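Here the protein sequences line up with chains A, B, C and D, keeping their order.
Okay, so the first sequence: first residue is 1 according to my numbering, each after it adds one.
Okay, so the second sequence: first residue is 1001 according to my numbering, each after it adds one.
Okay, so the third sequence: first residue is 2001 according to my numbering, each after it adds one.
Okay, so the fourth sequence: first residue is 3001 according to my numbering, each after it adds one.
Hints listed in this document are in silico derivations from the structure and should not be mistaken for laboratory results.
None of the values given here were measured: they were computed from a predicted structure.
Note that beta-carbon positions come from the ideal geometry of N, C-alpha and C, so glycine has one too.
The list that follows gives simulated cross-link-like pairs (lysine-lysine, DSBU-like), each with its CA atoms no further than 35 Å apart: (1) A:K2 to A:K71; (2) C:K2013 to C:K2023; (3) D:K3041 to A:K2; (4) D:K3041 to A:K71; (5) C:K2013 to B:K1078; (6) B:K1078 to B:K1184; (7) A:K71 to B:K1078.
To be clear about the criterion: a stretch of chain D counts as covered by chain A if any three or more of its residues have a C-beta under 8 Å from a C-beta of chain A, and this derived list gives those stretches: (8) 3008 to 3016; (9) 3033 to 3040.
Each chain, letter by letter, is given below.
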Amino acid sequence: MKRFFPILSILTAILLAYALYQALVVVPTDALQGDVYRIIYYHVPSAWTAFLLFLINFVASIIYLIRRSPKVDIVALVCAEVGVVFCTVVLVTGPIWARPVWGIWWAPGDIRLTSTLVLWLIYVSYLVLRRFSTSAQTQVLAAALAVFGALDVPLVYFSIWFFRTQHPQPVIGGGGSMDPRMLRVLLINWLAFLCFAFLVCWSRYRLEVLHREVDQAHALESLAGAGMAEKASLPLSRSAP
Amino acid sequence: MSDVPNNAWPNNVRPAINVHNVIKQFGRFAALRGVTAEFDAGRFHAILGDNGAGKTTLLRAIAGLAQPTQGRISIFGKAPRDACRDLGYMPHPSLLYDEMSGMENLRYFAGLYGIGGDDACQAAIRAVGLDPELPRPVGQYSQGMRQRMSLARALLHDPKILLLDEPFSNVDVHSAAEMVALLKSMRGAGKTIFVVTHQASLLEGVADEFIWMQAGQIVNRTTNARTAASVRAPDSSREGAP
Amino acid sequence: MNSLWAVTLATLKKDIRLEWRSKDALNSMLFFSLLVVVIFAFAFDPLAEESRHIAGGLIWVAFLFAAVVALNQTWARELRNQVLDAYRVSPAPANALFLAKAVGNFIFVSVLEALMTPLFVVFYNLHVLGPAWQLIPIALLGTWALVVNGTFFAAMSLRTRSREIMLPLLLFPISIPAVLGMVAGTTAVLTGDNPAHFYIVLLLTYDVVFTTACLLLFETILHAE
Amino acid sequence: MNAIKFLFAAYIATWVIHAFYLGTLVRRFSRLREQLRELGKK
Chain A
1 MKRFFPILSI
11 LTAILLAYAL
21 YQALVVVPTD
31 ALQGDVYRII
41 YYHVPSAWTA
51 FLLFLINFVA
61 SIIYLIRRSP
71 KVDIVALVCA
81 EVGVVFCTVV
91 LVTGPIWARP
101 VWGIWWAPGD
111 IRLTSTLVLW
121 LIYVSYLVLR
131 RFSTSAQTQV
141 LAAALAVFGA
151 LDVPLVYFSI
161 WFFRTQHPQP
171 VIGGGGSMDP
181 RMLRVLLINW
191 LAFLCFAFLV
201 CWSRYRLEVL
211 HREVDQAHAL
221 ESLAGAGMAE
231 KASLPLSRSA
241 P
Chain B
1001 MSDVPNNAWP
1011 NNVRPAINVH
1021 NVIKQFGRFA
1031 ALRGVTAEFD
1041 AGRFHAILGD
1051 NGAGKTTLLR
1061 AIAGLAQPTQ
1071 GRISIFGKAP
1081 RDACRDLGYM
1091 PHPSLLYDEM
1101 SGMENLRYFA
1111 GLYGIGGDDA
1121 CQAAIRAVGL
1131 DPELPRPVGQ
1141 YSQGMRQRMS
1151 LARALLHDPK
1161 ILLLDEPFSN
1171 VDVHSAAEMV
1181 ALLKSMRGAG
1191 KTIFVVTHQA
1201 SLLEGVADEF
1211 IWMQAGQIVN
1221 RTTNARTAAS
1231 VRAPDSSREG
1241 AP
Chain C
2001 MNSLWAVTLA
2011 TLKKDIRLEW
2021 RSKDALNSML
2031 FFSLLVVVIF
2041 AFAFDPLAEE
2051 SRHIAGGLIW
2061 VAFLFAAVVA
2071 LNQTWARELR
2081 NQVLDAYRVS
2091 PAPANALFLA
2101 KAVGNFIFVS
2111 VLEALMTPLF
2121 VVFYNLHVLG
2131 PAWQLIPIAL
2141 LGTWALVVNG
2151 TFFAAMSLRT
2161 RSREIMLPLL
2171 LFPISIPAVL
2181 GMVAGTTAVL
2191 TGDNPAHFYI
2201 VLLLTYDVVF
2211 TTACLLLFET
2221 ILHAE
Chain D
3001 MNAIKFLFAA
3011 YIATWVIHAF
3021 YLGTLVRRFS
3031 RLREQLRELG
3041 KK
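Start from the sequences and build out the full structure, keeping to the hints where you can.
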């Protein structure tokens, strides 16, 4: 598996460059918004990637609650963390796009941006819980929180959806169908970002495995003072440094 | 449920608790590192060891309060949580509400075990030598009284196994001796007793077995308190209460 | 099933008795939300005509913060002398403990609301333009929404460092739809501009979904030491 | 034409965020490797 990492990295870099070229040069300018609409090629794929990662986090958390397999827990953690990064990208590029198009940075009534913000808050609280937990079973607490967060998403969406009908809407809905060329470039960009996200998740996964190995080694160390280390060894594998 | 009547136990010894390769890890610290042991029913076991040897963790794991990272524990063939009616647990904190009287406390805990009526509560309080009518809230008890009330709480549902964590620390010599006498009589009544303690000398001639723990493992089991610590490594020479 | 209700009732009685003797939670909650009302009165002009539009938000924000004070107290009581361990070694169902705590908090927060609402009415010179009876289901469902998740997350944050800060951190993001429903619903009734039915349905859905989730997962949380 | 600045700002911001995150990953990796090396010595 390890040998594929550099190959995949190079392929992803090429794909990202190609997607960037498509987004900036090949695709025609939007008649209404001008060139600034091209933010969509980063904004939307990032959002889709983040949602996909959060979905995987949800599924992995449920599986963890049933099966208690440590690997599934690492998958959940990794997806939440990388998902938050992509979600941050969405939240930063969103206002940058909104400013020239709508004239304001943030529209509280905008359902997509606001619900993404809530999503971001939920998963940040998930990461904070994992960080601050003193429990020996942090994974269980985190998995439960992930389930709560995922259950919250549709409710957030509907509450904002109804809330905005009371407010003046700065958003001109995504009405009208998309130019097929634009859709094609959008999908190319999404593919590129998915590959990138996969690589990041992979690295983060390996980091977490290494982290747990170090913890294990410390646990061995902590009680080895009385010369007991040879007699007992923890069952989890410890790779050579 | 056991098919052996209570009074037959001391003569008819069989394992009450089976601990198999139990490992408990807290982040970067392993409190238990592969503990395997069998403990006979109807006996008095004293668990000794230095601070951080894993005594309390082992007791909590047997009580079902700590989930082993690996390995398994069975009590009369059942998982600790399923055997909770057979277990009486008395840790160092009192596990009592300071604002309520002893009787109010016990009435609540009896409810948790589905025991109605005051009879069981009064019997448990009398068994530890306290007065059920005492109206004072537990917060105003002396340490020795609180310790005994805590034992009454552990005895409430007449468990077959008693798990005690440091029952003699922070109490005066007289109270400690009374507590030992109480435990001795309970062992005579056929209960299996586990005591985690620093004060091994108190249990000399009372406990059937002394178990010495070190670095998350059981390193010695003897019938004599003095020889229990004989196998430990020379560099760890701390003993007795802090 | 029988023992579930018996233990729930016993635990609830015990909690109310303890609260009655110490009055920790209720006193601190009352004083806290009183402060919030006074500070809000300074920060916003309560006599302005648009106060009707913001009052719903102010009331619920005050109650939300006050509820956090109460929620932190509930489990603190069980941590003193580690009484929670006594519950955990007993055969009593975990959900009975959860229900008792949630209902207890519901009662405490409702009492607080009943005491504070007249104060808000006086301070902000409120009179309701919409159908006032709808405020009752909004208040009941909204309070339960805060309290059910709050009780759960307070139990969760027992196992964290600096748990008193952890509770709002976990609770607030998940509670956003509920808070939005309460605030917007209350505002809708106060101003009478639009119907509040949707918000009642939203709160009801929220309550059902999260009460179920809490009951399914509480045992796991309680035993994750 | 001023709007084009926003386009570039968004693209650059995206990569700055990703680079920042990757940076933290690299830092965490190297710290762990160091710890492993120290453990190996003992």
